[in-house]
Structure formats: C-alpha cells, structure tokens
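S.K.: Residues per chain are reported as follows:
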Amino acid sequence: MEANVNLLILNGTVCDPANRTYKKADIFIENGKIKKCSPRIYSGVNEAKIIDAKGKIVVPGLIDIHTHLREPGREDEETIRTGTSAAAVGGFTTICCMPNTNPVIDSVSGVKFVFATAHQEGVVNVLPIGAITKKSEGLELAEIGKMKNAGIVAISDDGKPVMNANIMRRALEYCKMLDIPVISHCEDANLSALGEMNEGYISTLLGLKGIPKQAEEIMVARDIALCELTEGKLHIAHVSTAHSVELIRDAKKRGIKVTAETAPQYFSLTDEEVKISNYNTNTKVNPPLRTKEDVNAILRGLADGTIDCIASDHAPHLIEEKEQEYKIAPFGIIGLETTLPLVITNIVNEKILSLSSAISKLTYNPAKILGLEKGTLAVGSDADITIIDLNKTKPIQKFESKCKNSPFIGMKLTGFATTTIVAGKIIMEDGNIVST
Amino acid sequence: MKLEHKDLLGLEYLSKAEIELILKTAKPFKEIFTRTVKKVPTLRGKTVVLLFYEPSTRTRTSFELAAKRLSADTVNIAISSSAVVKGESLIDTAKTIEAMKADFVIIRHSMSGAAHIIAKTISASVVNAGDGMHEHPTQGLLDMFTIIEKKGKIKGLNIAIIGDILHSRVARSNIWGLNKLGANVFVVGPSTLIPKEIKKMNVEVHYNIAEIIHKLDVVNILRIQKERQQQHLFPSLEEYSELFGINSEKLRNAKSDILIMHPGPMNRGIEISTEVADSKNSVITEQVTNGIAVRMAVLYLLAGGDGGECESFNS
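Here the protein sequences line up with chains A and B, keeping their order. So in our numbering, spot 274 of the first sequence is number 274, and the numbers just go up one at a time. So in our numbering, spot 293 of the second sequence is number 1293, and the numbers just go up one at a time.
Treat the hints loosely; a few may be bogus.
Said to hold, decoys possible - One-sided excerpt, in silico: chain A residues whose CB lies under 10 Å from chain B:
#1 E325
#2 Y326
#3 L390
Because the hints were derived from the structure by calculation, they are not lab data. Nothing here was measured: the structure is a model prediction, and the numbers come from that model. C-beta atoms are modelled at their ideal positions from N, C-alpha and C, and glycine is treated no differently.
Just chain A, same shape as in the assembly (with noise of 0.2 Å):
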C-alpha cells in the first residue's frame, strides 16, 4: 500500500503504551511511516491532510493475533476483502489469520496465495498462520520452516486440538529454531466429543451435551507441560476457563514461555445466555462461554496480565449455518467489530483495566508474541494507527463483514473506532471504508 498524501493527527490524546506515553500530542505521517509524535507540530509541515482527534485517543493500529477470513473455500461466508474491511471498522490495521480454511494453509504456495490476495483486495495487514500438521489433521508435520520463510507469523491448528501429545512436542521443539509461537486451540476432543455448549446447570436444564471445562484445561495443563520440556513459545488460543487462568498464571511464575489470549465473549457473558436467548445459537462458540465465576477469572486474569491479549476469534458463519437446530449449528461468532467497543465497554470502563493497558492487550502484546515491529507510535515506525471515541455510544447493528452472527447484536456498547490508518492511508473512517 502507498502513502502519496502525507497526514498530521492534531489535538488528540495519544496513548502508546509500548513507549509508555499518554498525552497530548499530535502525529505527523510523511511515506507512510510516523515522522514525528509530539506537542504542536502543527509549524513547519506542509501539504499535509489534517485529521482533527480533538477530543478522541489516538493508539497504534490494533493488531488481531486470531481471524478467520475463509478464503479460501469459503468465500460466501467472507473474504480477504471483506473481512479486512470488518477489521478496519473495529480499528484493526493488522490480523493474523488462522489457516482453517479450505484447502488448509500448509504449504508455501497456501501462504503465498493469503499474501498474494491480501495484497490486491484486504485493505489492512494481513499476515498468515500456518498449520502445525499436513491438513491440520494432526498427523505429521507441515512445512513449518518454509512457511516461516514464506512469512507465517506462528503456526496453529486452530479449529481442531492437536490431540498427539508427541506432535505437539515436535512443534514446539521445531519452532524454537524458527522462533515463532506454536498457538493451542486446547480441547481434549475425546471430552467435548458432539458438545455443544459449557457442562453445568443451564446446560443439564436445557438437555445440550456439555463441554466440561476440563476439556480445555487438561490440554492448557499439557501443553504447559510440553512447553517446559522443549522450552519453546507457546501461545494459548482463546482461554476460557477460571483453572486455565490458573494454569497459566502459574506457568509464568515458573518461568516457562507461555503466552495466552481471550476473545470478548469470554469476559462479557456467560452460558446463562444460552437459556435466555431460547437456543440462539449466536451463543454456540468453541470453547462455549461458560459460568460467572470463570467470567471473573478471566477478568483477573487480565489485569493481573496472566492473559496477555485479547482477540477477536472473528469466525463468520451464514444465517442459514447459524438459523438451525442447536445441535447442528457450526460454532463460532464474528468478533473485529465488536472487539475494542467491548473492551472498552466491560474492561476499561468498568475499570477492570486502564486504558493504556487495555491498549496493549490490542497493541504491543499481540506484535511481542509475534516478533512483529508494530504496536508502536515510535518514530519510524509504520503508520498504522487508529483512532478511538471513548464516548461515542451505539447498539451494535450492522456490520461490515459478510456475515452477522453475533451474540451481541441489539447491545449498547461504548468506544468506537473512527479512522483506521494502515501505512499512513486512511482506510475507515466514520464507520465506512474510504474506496481505494
């Protein structure tokens, strides 16, 4: 993408945790990378489209370390294209991907085919994860390391667990030489076998096959184990569960290189949603939400920084996937647009988190797992930045991406996205994509 306009950002707050700033300041964008962030520099700069923040935060662009995009194979549910766009309408500049998609993104020519159509149609980053196993089927190695060269960002099998205990200590081991992340997607598939949301009371009222938490927690608690053996990176997919937390917590008090995220839903409801929402099944996700008490863990989690980051999991289906029987829906709800308005509705402010924090969970955290030189308004670096009204409030109703299904349609949340800008080029602004 090439930055012909230079941009200056006046009268807004920047808040960049990576460099530990939150002030006044004004940004200037010359090439499409950040000349100067400071007080004032409105004197001496010339021929340059001027962005008013003035009451608003500005922040590095959020970075999404889980998308699923389904291209290709899926394009009727969403593209490179469309799901790009969804990204910088919930101010998302960068999203990594998952390689679930049809055919699985295993190979060389899978990544370059990603790179190759986010070039042309996404209008934000897009940077590929590649799968730990062939098909992701969990048998035998995929290419990692010319993935890797290909320009993989971390490799996952999400979707499906990687339920060989000695594969996955294969992965890790591999990928330390790589340096990349190996990210679980921890479910004991022998224990979730045709669940179809959180085991407990709603889910003993409701006649719905449970999911014990234990699915995902004695995998947490395996791949732990398997990240000291081999002392590679281990990022831990979507957490769910108060004794993940707990896992993990634990983990990083002994040292041992292991990284976690969340998504929204696992802070802002709970499997009571289910019953009250009559079997919507915008309320059947993987992992399935769960109780209360596991709400607070994660809440905890977060703030103690036991959860490093917070993704979107965005995972489109069509109506006509989602407008079925419980049982036979897919699982899953789209996620960037709604990502920062409930971070900042339930964590910032209900004061779980400051801002700035919150910030880096969408920022600096994700691009440090990564190895990624973004998250920073550090001069030099890629203008990829995005601005925020804490104050505008709005239902959620319509979205960009292809599909709707979402638990949180009809909510009044609070913090939106205004302008998106990828490598200095204003992308979004105002809720709507500017054409390119």
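Given the coordinates of chain A, work out where chain B should sit on it, guided by the hints.
M.R.: Here is chain B on its own, set in the frame of chain A:
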C-alpha cells in the same frame, strides 16, 4: 381461568396454577371417552399439524386422537416423507406450515431447542411433543394427572424417576412439574446417567433404589436405550438390568400401593420385568388413556378456552 401462553414448550415455563388448570381441565375431557360418541365440537375448523422428526407411535397417535376428539383437522408430517430429506431447514418448514394457516404445530424432534426455534418463528401455537434431551411437557402432565387420579394428590408424595436421567426429556418435565406441585422427587440411576448439576433442580440423587424403595409412593421407570452402552455409559444391558431393572425382588420392601409408571415403549426384562409391568400396581396403560385427555386440555386451553375456577382443585 385461561392459559396465557401461545405455546407449551416445557413445564419449566408454567406456574403451579397453570399446571393445575391443565390437569383440572383434562378431567372432564377424560369423561368423554366413556361415551359412545367420543367427540366434542370445541376445535371445529382448527388445523393441527403434527410435525414429527423422530419416529413415535404413541405420542403422535395420542395427539392426533386428542385433536380429532376436539373436532380439529389433523395433518401428519413425518420426517421420511417430508421436505426435510430434500434438505429444508427447520425454520423453512415451520414457515411453510405457517403459510398454510395451521393453528397448532405439534413438534417432536431429536434435538433440544427445536420447539423453541419454531415457536419464535411462527404465530401458530406450538406444542413441544419432546425435544431432544430437554422437555416433553405433555408426558409430564399426563404422569401427574395419573398420580393425582390414583393418589388424590401430589403434594408430599415420594416419587422416584429411575434410569437415564441425563438424556431424558421425560425426567426433566416430571422434575419441573412434580416439584411445582410439592412432591419429593428422587432420581435413581447409574452415576454416568445422572448429571451432577441435577441436584440444583431440587431432587435427591440415589444410585441404589434399595435405599429409598420403602418410602416411595410412585416409581416412574424410564426406557433405557441400547446405544448408551456404545457411549461408555454402562458396560452392558444385562448389568443395567441387574442394578436398575425394576422387578418384584427390588420391590420387596415397597409400599403395597406403590404406583408403577413407565412412559413407554417398554423394554420388558431390561428396565422393567414383565411381572411388574403387568402387576396391579402398574398404571402404564392408564397413562396412555390419560395422555389423550391431557393433550385435549392443552389444545383447548392454548386455543383460548376457559378452564373455569381452579381453587377447588386438589393437587
């Protein structure tokens, strides 16, 4: 008194008074059965669609007879002959039925929540005839009707439900209804088939019927399904039968007037011995008769019928 609901999806959603209203209304309907003409004109001109996604003989026939004895027109849609095989979604099927101006949709489905999905989509009254492992409210109602008929009340009775509680919609509807009417509810079965959280539904859990048999007024025996064995829930039907099958030996210390119930169809010799099924304590065939009366009451009340004063009813 009238029933202020569009649908009957479960006994969880009914109050004590509403349950009593249905049971009281069922009583005069049962009396119709003793007449030579077993039919009243109450629902003349109304259409009842029976949408059955699971094979069922007794429930479907019972609903159909209930509707016919109220002079409604009935249409059967069974899964094998319907559009479902062509891949039509549940919601589209429901909308199609709606467009045909049905007044009632009676739905049986193997998946929990199916009746809710239809009820949300259409304006016709939806009666849940069993959804997955969730509820089977008219079975719960007919069980309660039968108990009241035999015992004169439900309040204070010790009632045990025996078998596969985990997968049973009959158990859930009975637990809701019986608790609302003041019974002491016990569940008995293998620990793999009794969900831990069931205690929060206000039941006492037992794994051995011998511990409580002496105090029980009613045992409601659930059908055990063979495929549970393949799911590692118990080792063999023979072992299940030995531990949980109700036979004369297990009833040795029971009260002499204990009621034996079973929602059917029975696996004789597995969860219930023939001797027990055919004993004088067994009310299994009367449950079937009562089922029609209760379903007539449900249809009548959902159509806006008045059940009269309710306070005299003794449950």
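S.K.: Hint compliance check: list the failing hint numbers for this structure, sorted ascending.
M.R.: 3
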